[in-house]
Amino acid sequence: MAIIQQIIFLAILGIVGWLVFKRASLIRNTILLGRDEDRADQPAVRFATMLRIAFGQKKMFDRPLIGIMHFVVYAGFLLINIEVLEIVLDGIFGKHRLFAPFLGSFYTFLISFFEFLAVGVLVTCAIFLIRRTFLKVERFQPSRHREMNGWPQLDGKIILLFEIVLMIAILTMNATDTVLQEMGSQHYTRTGDFAFSHFLKPVFANWNETSLVIYERFAWWFHILGIFTFAAYVTYSKHLHIVLAFPNTYFSRLTPKGEMNNMPDITKEVKIMLGLTEAMETNGEENAIPERFGAKDVPDLSWKNLMDAYSCTECGRCTEACPANITGKKLSPRKIMMDTRDRLEDIGRIMQANDGKFVEDGKSLMGDYISNEEILACTTCNACVQECPILINPLDIILQLRRYKIMDEAQAPGAWNAMFQNLDTNQAPWKFSPGDRFNWADKLRNEV
Amino acid sequence: MAEMAANNEIPEVLFWVGCAGSFDDRYKKVTVAFVKILNKAGVKFAVLGTEESCTGDPARRAGNEFTFQMLAMSNIQVLNMYGVKKIVTACPHCFNTLKNEYPELGGNYDVVHHSEYLQQLINEGRVRIEGGETFKGRKITFHDSCYLGRANGIYEAPRHVLEALDADLVEMKRCKTKGLCCGAGGGQMFKEPEAGKKDINIERIEEAIETGATTIAVACPFCMVMMTDGVKNKEKEDTVKVFDLAELIAQAEGL
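For the protein sequence lines, the chains are Y and A, in the order given. Under the numbering used here, the letters of the first sequence match residues 1 to 448, in that order. Under the numbering used here, the letters of the second sequence match residues 1001 to 1255, in that order.
Be a bit skeptical, because a hint or two may be false.
Below, computed lysine-lysine pairings styled on DSS-like, alpha-carbon distance capped at 25 Å [claimed, not checked]:
| no. | chain 1 | residue 1 | chain 2 | residue 2 |
| --- | --- | --- | --- | --- |
| 1 | A | 1085 | A | 1040 |
| 2 | A | 1197 | Y | 330 |
| 3 | A | 1028 | Y | 431 |
| 4 | A | 1040 | Y | 443 |
| 5 | A | 1198 | Y | 330 |
| 6 | A | 1029 | Y | 431 |
| 7 | A | 1173 | Y | 58 |
| 8 | A | 1234 | A | 1173 |
| 9 | A | 1029 | Y | 443 |
| 10 | Y | 330 | A | 1191 |
| 11 | A | 1236 | A | 1139 |
| 12 | Y | 443 | A | 1241 |
| 13 | Y | 58 | A | 1178 |
| 14 | A | 1036 | Y | 443 |
| 15 | A | 1044 | Y | 443 |
| 16 | Y | 59 | A | 1173 |
| 17 | A | 1178 | Y | 59 |
Worth flagging that the hints you see were computed from the coordinates, not collected in a lab.
Next up, chain A with everything else stripped away, as it sits in the complex:
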């Protein structure tokens, strides 16, 4: 972003990478896949790079409003300094925070989740599903992220993206408004679960496996971790794969 600003260039969109997208080895692959899609589609985008900080989502949801607002305010300072108008992010937690919680602190942006953005690129013909792996006949089930679905009412965009793959889309028993959480939201990602009889991601993965799907599609870095762990726990790594929407599109494009 700094380079673009120095050259007086205005990006079409700012790609908010997020902490998982920047640091988590598994999710870095999603970041790379999404960037490849954007590059191929000829989208002029920018990233903040080292100027980006955590949006503060886990702090706010754990109850630490101070840390949240400190992070939010400094992010807003950076974003406003560059005059950012539109943001796309692959993380529903970043998405929710940037979209719904930053305006009250002085950060007003047009924020979209990468599922919506991908759908738009596909609809506009800027992304063409060709040249890569074929998904015909492959069974895919989509796991709704709480912060995309219930929190922001986005249920259809990720499904439209998957439909574009021409795969066999199957639903879990609990989906859309009834979708079961992966267990990582609300700061749970960063601590051990409270005592219970089962881990939430195990409950969810059993449901996903029940559909007979060989691919579990996710659209959230936390869901990615929880579902992948679930698959490992069930020793199904060889037959069931967990992918983000962007990775599936990139595969189909042969990127």
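Just chain Y, with the same shape it has in the complex:
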């Protein structure tokens, strides 16, 4: 019997490991479709940023109460994984509470500590679920934010429900375990009561040994299968941030928020036009003129923009701070990130169906997912960039889409074309003669 359980466990572990690996590879491959961008400089600064923002969750504490609650779930998740390691090893070797004999009374303390975390996670997730369902937090409402319709809204709730159920499984498993220990049931290593599950013992007090063993085994399997399902589910969910927040903060921008990336290809052209370099000097590089200015689809964006998209938790802090969104414009920075990810997921499916190659499907991020009206509403105020708890930069994507629309498709609003024309001819965005630029000083001269 035990050996069959071990075989089943190993088989499931293998399948889940394979599924997660496949998904992770696909995500990685779609991210690598993006343009090259060097984000490996200043490793010490990057590491410190990651420690502060991802590990220490500094930006989550901008809203202290939510910050603390999120930290409880995060710390619980991180530390309970140590217990999951024991459970997995138990499953592989057909043991029960493998670490208990080695750790003695410290083991009981450790599990009690994990139970403390589990209760924390359980209570917090319950509060979060109630908040999501009944409190009508504005940024989660599909009626107000169209990108939250359907799956994204459900996804947020599924994750919370998942965690609640898993925590209940672990606590009741421990309770039945300790009841069985007291019965002197074979196989159940004596550890003594744990801090929280012993309050649940009365629930199981009148159960006979067989029912208890069945429940304990059921809870054990339910919990570990739940964790496996969770691991696979996460790769499809907004919950991927639990992993990607770390690399995403590490590779985040270190330059001032106001700085917009230079386009070296254009610098080359402009230098030739201004006679600063001879066209001859760039000989041999003539073919280096890019196929496209700006970004039409996700492969035109940088790999970091794409990692941003997979890292997004859809919390909507960006959109909540966006002046365009606040005043009812179509732009939502969160939607920009979600659209980018949706496009990546679609491309991922195309790649899977074509031996890992991306075959054009006649669609593109700009146009089929994101409309011109959305990107035209952006004031480049950086509020979305400022708000993101894991340093995602929606503005960088918006700018590249604009560059495509303006330079490649030459589709600027009329007023912008007039502005460009003024800039080209008068070196000012308004229709003033460059010769009048110093006239403001006339008044001063008269006074003197």
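Using the hints, position chain A against chain Y.
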């Protein structure tokens, strides 16, 4: 600048006036106020005059990189020709572009915004708040410009300048890192807003009026336009005034 260069003089700082400061009737007053402050403080400064062009900020942010780089390159040629080291400007958009975006194109200067420069002049005692209007008890609220604040992390300098006026400084609900844009950045200044239920400057002006401030201090020509329009829209021109930091300092100095 050309005159100074011809006389082999080296200015302490180059004052980058910007397009709004040169052409916009309202913002020309800020230019004049700032120049008066500099003159009184005895700062030896230069301007490029007709040799100055737009930094290219609105073009780059609208997505027109060609126009941006054309303007940037010719500005850099002029600035480098005169060997300019230090630049001060009253426009956060010019400031951001000159400071952060010109280095990659070959223009390396020490660029400061006039809020920082004024703070420095006040700290050094070169600007003394005396001889003019008193601001004691006047309620002032400062509207953060995105390109000064979030874009470059400058939140305190303009506030220190206002504190020097001894006025009653009140904050809007959304301020500093949370400051709400006036609605003009990213090229919006030069086109109609996209369809929505409200204009951004109206949303912002309501917040400013809520503070009970009689003066809205700004440090950006675009914010100046948007906030002034907002005040007009709310028909509060008689009770709420919009001023740039430099104008307030000039008033306090009696200039």
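Hint check:
1. 1085(A) to 1040(A): The given pair, whose Cα atoms are some 22 Å apart, holds under the 25 Å limit.
2. 1197(A) to 330(Y): OK: residue 1197(A) and residue 330(Y) at ~10 Å, within 25 Å.
3. 1028(A) to 431(Y): 16 Å, holds
4. 1040(A) to 443(Y): 17 Å, holds
5. 1198(A) to 330(Y): Distance ~12 Å between residue 1198(A) and residue 330(Y) Cα, so the pair holds.
6. 1029(A) to 431(Y): 20 Å, holds
7. 1173(A) to 58(Y): The given pair, whose Cα atoms are some 22 Å apart, holds under the 25 Å limit.
8. 1234(A) to 1173(A): Judged against 25 Å, a Cα distance of about 19 Å means the pair holds.
9. 1029(A) to 443(Y): 10 Å, holds
10. 330(Y) to 1191(A): This hinted pair holds, its Cα atoms lying about 16 Å apart.
11. 1236(A) to 1139(A): Satisfied, since the Cα-Cα distance of roughly 15 Å is no more than 25 Å.
12. 443(Y) to 1241(A): 23 Å, holds
13. 58(Y) to 1178(A): Holds, because 16 Å separates the two Cα atoms, which is no more than 25 Å.
14. 1036(A) to 443(Y): Between residue 1036(A) and residue 443(Y) the Cα gap is close to 12 Å, so the pair holds against 25 Å.
15. 1044(A) to 443(Y): 20 Å, holds
16. 59(Y) to 1173(A): Holds, at about 19 Å.
17. 1178(A) to 59(Y): 13 Å, holds
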